[in-house]
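*Asks:* Fit chain B to the given chain A structure using the hints.
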Amino acid sequence: MAYIDSEAAVKEVSVLTPKPVRKQARLLRYIWFNRYLYLMLVPALLYYLIFHYIPMYGAVVAFKDFSITKGILGSEWAGFKHFEYLFSQDKFWQVIENTVVISLYRLVFGFPAPIIAALLLNEVRVRLFKQTVQTVIYLPHFISWVILGGILINLLSTDSGVVNNVIKLFGGTPIGFLSDESYFRSMLVFSMIWKEFGWNTIIYMAALAGISPHLYEAAVIDGANRFQRLLHLTIPLIRSTIVLILILRLGGIMEAGFEQIFVLYHPGVYRVSDIIDTYVYRIGLAEGRFSLAAAVGLFKSLINFALLVLANWLSRRMGEQGVY
Amino acid sequence: MVHRKRSKLKKWVVGAAAVALIITSGCSNKPDSTEASTNGSGSGSEEPYELVYLTTGDQGAKPLVPNDRIVAEINKRLNIKLTVKIAPEFSYDKINVAIASGDLPDVVTTQYPSSSVSQWIREGILVPLNDYFDKLPTIKAKLDNGLQWTAVDGKYYGYPFVSGAEKSNYTVQFRQDWLDKLGLEHPKTLEEFHGTLKAIVEKDPDGNGKADTFGFVTNKPVAGEALTAFDFVLYAYGLPNSDYVLNDNGEVIPRFEHPAFKAGIEELRKWYDEKLIDPEFIVYDRPAKEQKFFQGKAGIMDGPLFRHVSRVEGSLKQVNPDGVLGYAPPPAGPDGKQGMAVRSKNALFTAVTNKAKNPEKAAQFIEFMLSKEGRDLLQLGIEGVHYTKQGDTITYNEAEREKDGFAANGWSHPLAWGNVTWPIDQNYLPQTEPNIERALDSVKVASKYFVPNLITRKTEAEIEYGKAVNEVYNQYFVNLLNGKLDVDQGIAELGEQWRQAGGDEILKQANEEYKNQGAGK
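Taken in order, these protein sequences are the chains called A and B.
According to this note's numbering, the first sequence is numbered sequentially starting from 1.
According to this note's numbering, the second sequence is numbered sequentially starting from 1.
Keep in mind the hints are simulated off the structure, nothing from the lab.
Hints should not be assumed to be uniformly reliable.
[Said to hold, decoys possible] What the simulated footprint calls covered on chain B by chain A, stretch by stretch (three residues with Cβ under 8 Å from a Cβ of chain A suffice, anywhere in the stretch; the number is not a length):
#1 90-96
#2 99-106
#3 110-122
#4 222-234
#5 343-352
All C-beta atoms in this analysis are idealised placements derived from N, C-alpha and C, irrespective of residue type, glycine included.
So that you can see chain A by itself, here it is in the shape it has in the complex (with noise of 0.2 Å):
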């Protein structure tokens, strides 16, 4: 319990001493008493500073005419030169609106599938079907796309496929769900679904779990039905967890799913389904446009950026944790 002690202590000196240099020591002792806590932690620290903040210095291509010859500092500076062309572009305008409509149809079609699920389960009775259920439902996620998109081209071509098969036995025509347009986004957005929301349902099951079973049987005493103590008590007290995953798929808002998209769009569908992060892949990576790319992958970074902080600030009004 040393923890609490001494982070209430370093509270209390903060409040009333100013003094910087007992500060100073206090904080050095909290650090040593926790020092395998530290030591822990180290590994994560350096994971991050070695592959997310020392490369974030490449992001300045993003503002140079980066000559391979010249190297990421050496290259000269442009100015903005490439975020204007960008926004002069049509295309670019078309595949920020691709992300979004794909990342919030990913929201909200998405995000509520392993709440339901998990409360679903929750309510099983017989330990072998929930575990079963569990087991069914969370195994796709350890799939990858490639294997998962060839898996798909298989179910849902219009020839052989095992879904048009049923739509031809009830005597309908067959859909193109990979081909056409007007489907593609909802194939897109209903096989991410499908693939994530049983692995998701894990975190909602562990919040559920951690819920005193004294409640329950409290409001049983007190004659709520199942009902009643789903809406009344289950939900409120996983609400603090919804809100937090709300928070950071908000963050992630302009990541639309780069390898599933990658997998199965094609030159026909590339109005509805091309997003920043294919797009950044074929300019950047197939056309050799490094700049133009990187200017691109910045510009997603800042809106990911903002839309983060705004959820946060969200959350906190409505009275819950922030993830900061």
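*Replies:* The following block gives chain B in isolation, referenced to the frame of chain A:
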């Protein structure tokens, strides 16, 4: 206390495991490549020169094997120590990334003309070959014979291999056995072509009692290229050129603004609407398309012949022993016009980089691959090991050839594919090829229907914006074909979007280039 200790121990275990994970998962940044290096027994007193060659492969080739005897032979003859890295066919992005990250090979093969190659030349990454021309007779002869346009300020920065300038193998392929069964001749006009497609779809030539066959199947274009699989219909309606056309004022305009494009699209829409075309063609790559053909899910497809005759028919017979491959000239339109094959403006560019310590030796390696001596080694192998020769008759030792990665049925070593030449341009077929006559005939048939280019080479703007405008074109083409867009409105919109994506600049330069071409004549 005991409990506390144990949890401490646990912490350490977890921590150590985490560290170990991070260390072992440190990923390498190399492009996905097959590597094979063999020690050459240096013939001279000189140390063998270590040469790294990065190239894209070919779907028809087998992977390189370790301790390859052909590589060893090259090492011996050129006194080098060769390391070959092969990226998959068309994966030029992998090569771009390798170069951009500073991981330069000595010799590189990639797509040309491309913004990457222009950039490499501009930045001095590629070394001009002019200084070594006296040691490069084959390259020099090829460059002097129609490739002068590839020089930049009088300097040649590599060997551009343009395939199919005189010969093509691209034409219409169909199930001859189905046509025989339906009592049909091969279609000569567009009308007959339409009738044949209809018969294949409606008359159940595969005899399974279900109307589950499509008439025509094709595949999506390679990334960055335009969708040209249906162009033979446009040419039949009189589209005069494959790249750009002239309007009444003699100005260069995009080909989709020619009346023949509209006429062709309207015909194709009819076919699509009647479910004669496999609507999912845009999802397929070439192997997937061919599979549909082999499995009897479509009766007609476009595609290359020549050396593929045996391969396509062989695969067809594996699924259906009665399957017979037929090919024919592209169908003629209402005014008797027809065309299908085009002269590609793309090439594969093999060049020496400034990382090469001995650029002369590196250039000689390219020369070797292109020379008669090199071709013989890569196609036939080592005499006495991979083949024996009696007079003009060559006998392949397939068992030995397989050990060194030669493709089956007398085809070449992995190093011979997709870099400096292709069999069709050399008119090369192995002597064991079972369909030599048909293979040669298919080239004769296809090469008769070349559609000329208006502009002979790619302009700077086309190199820079070509991929972007092709994306726009493909999108609109698909939606015009499947009836999602109104024809007139769609073509007008395509014109706007195409110009905005860089088409304006492309047209400007194309007009200039066209005038220059005229002046040169």
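*Asks:* What hint numbers does the structure not satisfy?
*Replies:* 5
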